[in-house]
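With chain A held as given, fit chains B, C and D onto it using these hints.
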Amino acid sequence: MDAVKSKFGFEINQGRHIDMDRIDTRLADEISAHVRSWKACLNCGSCSATCPGGVGLRSLLLKLSTLGELTTLDTCLLCGKCFLVCPRGISTRYLIIQIIKKRREYGKAV
Amino acid sequence: MKVYWKDYQKEIADDDFFYVRSCIRQNFFPGAEGLFIDILRNKLGRTIYEDADHTTCTGIGYYSGIVPLETTMTVIARQFALMKEKGYKNIIISCVTSFGLYSEIIDLWKQDPDLKAKIADYLKAATGRIFAEPANMVHSSDILYKFRNEIAAQAKYRLVNAETGEPLRVVDHIGCHYGKIFPERGVGGAEFPQVLSGMVKSWGGEIIDYPERRHCCGFGFRQYIVQPNRGYSLSHSRIKLESMKPYEPDLIVTNCPGCNMFLDRWQYTIEQEDGSSYGANGRMIPVLSSEELAGLVLGYDPWEIGLQTHQVPVETLLDKIGIPYDPGMKYADKSGNQIGKPNMNLQCV
Amino acid sequence: MTNQPDIRRVDVRRVAVIGAGPAGMAAAGSLASLGIAVDWYEKDPLTGGKLHDYYQLFPDRVRASEVLPELESKSGKSLITKYLGRTISEIERHPGGIVLKNGSGSCGEADAVILATGFDFFDARLKEEFGYGIYKHVITSVDLERMLPVGKDALRRFGKDPATVGFVHCVGSRDEQVGISYCSRLCCITGIKQAIEVSEMFPAAKVYNFYIDMRAFGQGFEELYRKAQEEHGIRFIRGRVSEASEDREFRIRVKAEDTLMARPLKVTVDWLVLLVGMTPSCTEVTLDHAEKQQEFIKPENPLTSNAVRGMPGVFAAGCCTGPMNIPESVASGRAAALQAYDYLTRDR
Amino acid sequence: MEKLFDPFVLPFTVGFSFLVLWFVYKIVRWFISLRGDDMKLVITGLFSLKTLQALVETVNESLLHRKVFRNNSRLGYMHMSLAFGWFMLILIGNIESTYYSGNLFKPIYVSVFWRFFDPGPSFPQAMIQPGFAFWMDLFLLLVLSGLGFAILKRFRSRIMGMKRTMRHEPADRLALAALWMIFPARLVAESMTCGANGTGSFLTGSLGYLFSRFFDPSSSILPSWWIYSFLLGFFFVLLPFTRYAHIPSEPVLIFFRKYGVRLSPGSAGYTDLSLTACSSCGICINACQLAEAAPGRPVQSSYFVRSVRKNRVPDLQYECLICGRCEAACPVGLELMPMRQNTRPDLGIGSRATITGKLGRNGHPRRILYFAGCMTHLSPGIIRSMSSIFNQAGAIWEFYDADGQACCGRPLKLAGQVDAARNIRGKLENDFSKSGADLLVTSCPICYRIFNEEYNLPGIRVLHHSQYIRDLLEWNRIKVESSIQNAVYHSPCELGRGSGIESEPREIIKALYKADLTPDIEGLCCGGSLGGPGIDLATRRAVARGAVEELTHGDPDVLITACPLCKKTFSAISRIPVLDISEATAGQLIKPNALPERKKQQGNHHKQAVAVG
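Residue numbers (my numbering), protein chains in the order written: chain A, 1 to 110; chain B, 111 to 459; chain C, 460 to 807; chain D, 808 to 1420.
Don't take each hint at face value.
Unchecked claim - A short list of chain D residues far from chain A (calculated; beta carbon distances all over 10 Å):
(1) F830
(2) V849
(3) M967
(4) P1030
(5) F1048
(6) F1062
(7) G1067
(8) L1154
(9) S1158
(10) R1159
(11) I1162
(12) C1181
(13) H1184
(14) Q1212
(15) I1231
(16) K1375
Stated by the list, open to error - Just so you have them, the derived chain D footprint on chain A, three or more residues with Cβ under 8 Å:
(17) 17-23
(18) 50-60
(19) 93-103
Unchecked claim - Straight-line alpha carbon distances no greater than 27 Å define the calculated DSS-like cross-link-like pairs of lysine-lysine that follow:
(20) K440(B) x K266(B)
(21) K311(B) x K725(C)
(22) K595(C) x K63(A)
(23) K5(A) x K451(B)
(24) K665(C) x K290(B)
(25) K595(C) x K355(B)
(26) K541(C) x K116(B)
(27) K686(C) x K290(B)
(28) K611(C) x K63(A)
(29) K611(C) x K595(C)
(30) K194(B) x K228(B)
(31) K120(B) x K355(B)
(32) K5(A) x K440(B)
(33) K355(B) x K725(C)
(34) K226(B) x K116(B)
(35) K226(B) x K5(A)
(36) K1117(D) x K102(A)
(37) K451(B) x K7(A)
(38) K686(C) x K102(A)
(39) K102(A) x K665(C)
(40) K725(C) x K63(A)
For the record, the hints were derived by calculation from the structure and aren't laboratory data. Where is the CB? At the ideal position from N, CA and C, for every residue including glycine.
Here chain A stands alone, though its shape is the one from the complex (with noise of 0.2 Å):
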């Protein structure tokens, strides 16, 4: 039989850093095989200041590179205006529908 636990009335809390040995980028990995200009991304952020879907594409993007973690993308427009202005040159379209392929095949419900 397991002791009483005494309880005091707070959680411990989680911290909120991220801790890059335990993080799975498989994800990421995969992808950025396919759309290697995604590594060259800067984060200045032009592809979302552009974007008439108000998508956050660069946060997006950065989530799911650093965390493996995606949030939706289902007010992409597609219209390709983030491909336009990124100073890198990086194929956003594509990397949206791989993303996006990629999701379905791991079969998250993002």
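For chains B, C and D alone, coordinates are given in the frame of chain A:
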């Protein structure tokens, strides 16, 4: 050339000390300060005077944003005035938080003479005492560091595992207010202070350097005062404990009563929360202050110096060093009758 | 080498060049080819200065050893007298010329002096929180530059290839805590180059570069930066490392904030490379008039001349006036030589 | 003559009957898996004039390959000689065998191997009367000449005017080899028979005579016919699984298309028919600019069709510019662009995309709604020019997507996101109809095409701004000075080839510039197309460079285009200035006070100061 912090040594007075106590140490580890005075007087033959009129430094109130700075400054000016009146110049501060506060205030006085003059007026108006400043201001762990070899000479026990003969693996945790606010006021600067490690090495122990060595123990005032926030305080302690776990430490030694309290108490809380423990083979890690450790080394009776008030039972440590103790007397009063055991259902004693 | 017709000496006076790094070599070479006699002082036993510390130079990864012969002065060699292994601690102006002193009194005189004393790398031990000199696997870019030519074994740990390598930018640059407010300009591109070199040596390794601002300013630098990202998969994380400490397996636990994610970040690396900045080294040559230590020598008019303020006849070239890369130092050396030549011949 | 059988005919017969069975099965499959209304179209069309027209087109295309001729005469001759030549051999062979055997209904193999059964009249007479042998030899020679060209194309394609040829898969190569050997084998077989009997015409007779000089041909008659029959049978068995399935299926496609059947996502039958009808001839490879810009990458339609037929859709499918050049060049007339878009999966991207637009100040509606398009916001020069043109023409107009948060949905559709494109269309359709405007002008050909093809906007005319400007010029609502510069016009794929708008921009250029140096070639893609998300920047640049080089051969002073995307792509690499047609117009507008007093058409309308986007 710039002096490397590591090599920085500070100037510590030799004798004639004026001692100011710590609220937390008195309350949570009542035997410690009496022990410190006893060691200085009877073991090291130094004069150490404790003025009955001296008060708290109001640090907890100030750092929690309740007590205004000028009030704290006046209280501390009163302490110095008391010291002056009794003819002492060298002050020993028992609490590291106070030590940080005293240093901060002296530095502010140095930067702003008008403020200093104003506080002198407040002191005069409130208490009629004359403003003064200490010639040498140190923390109690500095003293023990200074006389660590004299203590080692009189030591009855070494920080060595009695069975295996190997030095005990000791984690030294330095209170943030000791060396982080004013690195030049800590022995060895902010990153690798030697005030505790020096003692432990000279008493035969071995120091563990673990990644979260410099992380806060969790005693952030604003984090623990309000109950819902205590989760933050606890998460810091856990980060430290988890980081030191691979090294299987036998002991944690601290110089600030706050760190001592939290690293000690929170081990129990974490154990209750999710059953994890951080010492060797599933046990908890005893947490002692530098005074208490010096007392053990010098052969004081564990229960005499109040080690039974620690949350993590110290018996594991005493057995390792081979210090005899009477389990029955753990919860007996001066005249020997039992005053009742705390109902702690600990799995990993 | 075709033996060039030796240059006739055009002036009876002599110029002292202190320092034989790229700037010193360029200055001495130019003066000699202008027909001016040169006393060339260098504290190390050989010329070339810091070039000997480098393996491959950014951005095209030319071998530093190949650059040295290029800088050897071609013509007018006979006009140069080298004093290697000699340190000059002080120079003083006298009506007759400039006296050079080294600890034990004067050891030379000259009519004009070109200071090309270069720089020192920032002593990373002053950033104690990074644990340089305390943890074995925390090294500086200078150490790494010496380990790279040795090959894989230098970077293998306990016989295994490193799995992760971290680079810390701005160590001892743009850092008021160590009294250095300026940017050393060259550590960013050095970090990029070395990250590529490491990832070429260990393709499977993950390489992280922690930066505040990526200042790849020169020709071909930005392209190298992109190549590092795209072809070598080097992860550039925007956030300054706050501290590093060693874990039980002697790997380095790095703490930083990913400021673009706005979240603190921890990662364990097998090697942590500190990209150390440049600090002035003219502390060895104390100038009684010019602003003294802890600063680079201030030219009279930084925009237009190499003449040192308040010291007529004394010129400064190369990194002793501020962080420069090799082409800039060489150009500055030649400029100082010309101005010294003009100073000598104009006064006649 | 009496026993018209020999075992050697068996391989041919087996092969041929397999082919016929496969073909009948396929036709039935194609027909029953048509969409409902397509099926009705075919049934009604069958007994109408269309069948006759289809027959004529079959002869023109399947046999004579006239479309290939127009594209490349040597290639045309090659295809014609093989197809038409073989057809005539079969036809005359039948007539000859029927003429001599006296009965119409005989086993199929008889006419094919007739020469074996009846060596025919002796050598010189065979040529004159009735001369069947002569005609057979003539058409055999025609086929053999075509064969010569085919071999030349395979190994020295440049001489045949083909920069690149198709890289065939093993099955196709095997079938190709079999096809190439059939006709020489026939020649040898017939010459053996003729040589042994001293018959045959100018080709088979003379070759037979030649053989007889060296050895006795009669001993090798049978083996040569066996080889011929086996090759035919082998080819027929291979045919359904190779590109040569095109031979029987193209006529079926021509008939179905003539009856009005068109490719649509639902029609599995017609799609399969179209896929089968592709002959992997490689003409689309030459038409595709990516063949130059990304040599070696099998993105062209022939590769795409082949992989879809083998139902493995490669990721390369996203590397097609969807510019339509291959569709324009395809001799079989396949609807390659719809085929490409239908195979792109709908991944649900943009399912919750919302767009916003401005519909005119409350109350009074606007006559003209200007929809710049999302790309146009990246070249504000176009917006500024259009607003000055609108104002100059005194139009009452409203700038719908002034805040740049609007999109027509076509980029989503091009990438296969059909649902998302549909709900954006819904939003815009009701916005436009609510606006009360009767004219919708857009600066982006991509928007124009989807507005024109898919939006239903009752009572609203949709114009690309080049059409609108031409109308203004024609009704001289605006006047422009003519400059001494020469210009060249790049026709954006979605505007020219995609929507058939070529003349209007050229008329404007005639009014604006001294000379229009536009080369008379199929419209070139600028490389910036939205159709190919998978194409990287370097390849796009290469396409753009190729296009600019070709367009500026005549050394014009300025490059005019009519699409914000083309303008942005070209201006990155062109040495000469790149202007949108609207910018060129606005640049040379004659200001009103310099204009003679214009009579007002639509009553008095006051000028609106409009907040430029």
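To see whether the hints hold, each was checked on the structure:
1. F830: holds, 38 Å
2. V849: Consistent with the label, V849(D) stays out of reach of chain A, its closest Cβ about 36 Å off (over 10 Å).
3. M967: holds, 35 Å
4. P1030: holds, 56 Å
5. F1048: For F1048(D), whose nearest Cβ neighbour in chain A is about 30 Å away, the distance exceeds 10 Å, so it holds.
6. F1062: About 38 Å separates F1062(D) from the closest Cβ of chain A, which puts it past 10 Å; holds.
7. G1067: holds, 32 Å
8. L1154: Non-interface label on L1154(D) violated, nearest chain A Cβ at 4 Å vs cutoff 10 Å.
9. S1158: Non-interface label on S1158(D) violated, nearest chain A Cβ at 5 Å vs cutoff 10 Å.
10. R1159: violated, 5 Å
11. I1162: violated, 7 Å
12. C1181: violated, 5 Å
13. H1184: The assertion about H1184(D) is violated, with a minimum of 8 Å to chain A.
14. Q1212: Incorrect as stated: the minimum Cβ-Cβ distance to chain A is 5 Å, not above 10 Å.
15. I1231: violated, 7 Å
16. K1375: violated, 6 Å
17. 17-23: Coverage by chain D is violated here, the residue count being 0 at a Cβ distance below 8 Å.
18. 50-60: holds (count 4)
19. 93-103: holds (count 6)
20. K440(B) x K266(B): The given pair, whose Cα atoms are some 21 Å apart, holds under the 27 Å limit.
21. K311(B) x K725(C): Violated, at roughly 31 Å.
22. K595(C) x K63(A): violated, 33 Å
23. K5(A) x K451(B): OK: K5(A) and K451(B) at ~18 Å, within 27 Å.
24. K665(C) x K290(B): violated, 33 Å
25. K595(C) x K355(B): Holds, because 22 Å separates the two Cα atoms, which is no more than 27 Å.
26. K541(C) x K116(B): violated, 41 Å
27. K686(C) x K290(B): violated, 41 Å
28. K611(C) x K63(A): violated, 33 Å
29. K611(C) x K595(C): At roughly 17 Å apart (the allowed maximum being 27 Å), K595(C) and K611(C) satisfy the hint.
30. K194(B) x K228(B): holds, 19 Å
31. K120(B) x K355(B): violated, 32 Å
32. K5(A) x K440(B): Within the cut-off at roughly 24 Å; holds.
33. K355(B) x K725(C): holds, 18 Å
34. K226(B) x K116(B): violated, 32 Å
35. K226(B) x K5(A): With Cα atoms ~52 Å apart, K226(B) and K5(A) exceed 27 Å; violated.
36. K1117(D) x K102(A): holds, 23 Å
37. K451(B) x K7(A): holds, 20 Å
38. K686(C) x K102(A): Holds. K686(C) to K102(A) sits at ~26 Å (cutoff 27 Å).
39. K102(A) x K665(C): Since the Cα atoms of K102(A) and K665(C) sit roughly 23 Å apart, the hinted pair holds (cutoff 27 Å).
40. K725(C) x K63(A): Since the Cα atoms of K725(C) and K63(A) sit roughly 16 Å apart, the hinted pair holds (cutoff 27 Å).
The structure shown violates the earlier hints numbered 8, 9, 10, 11, 12, 13, 14, 15, 16, 17, 21, 22, 24, 26, 27, 28, 31, 34, 35.
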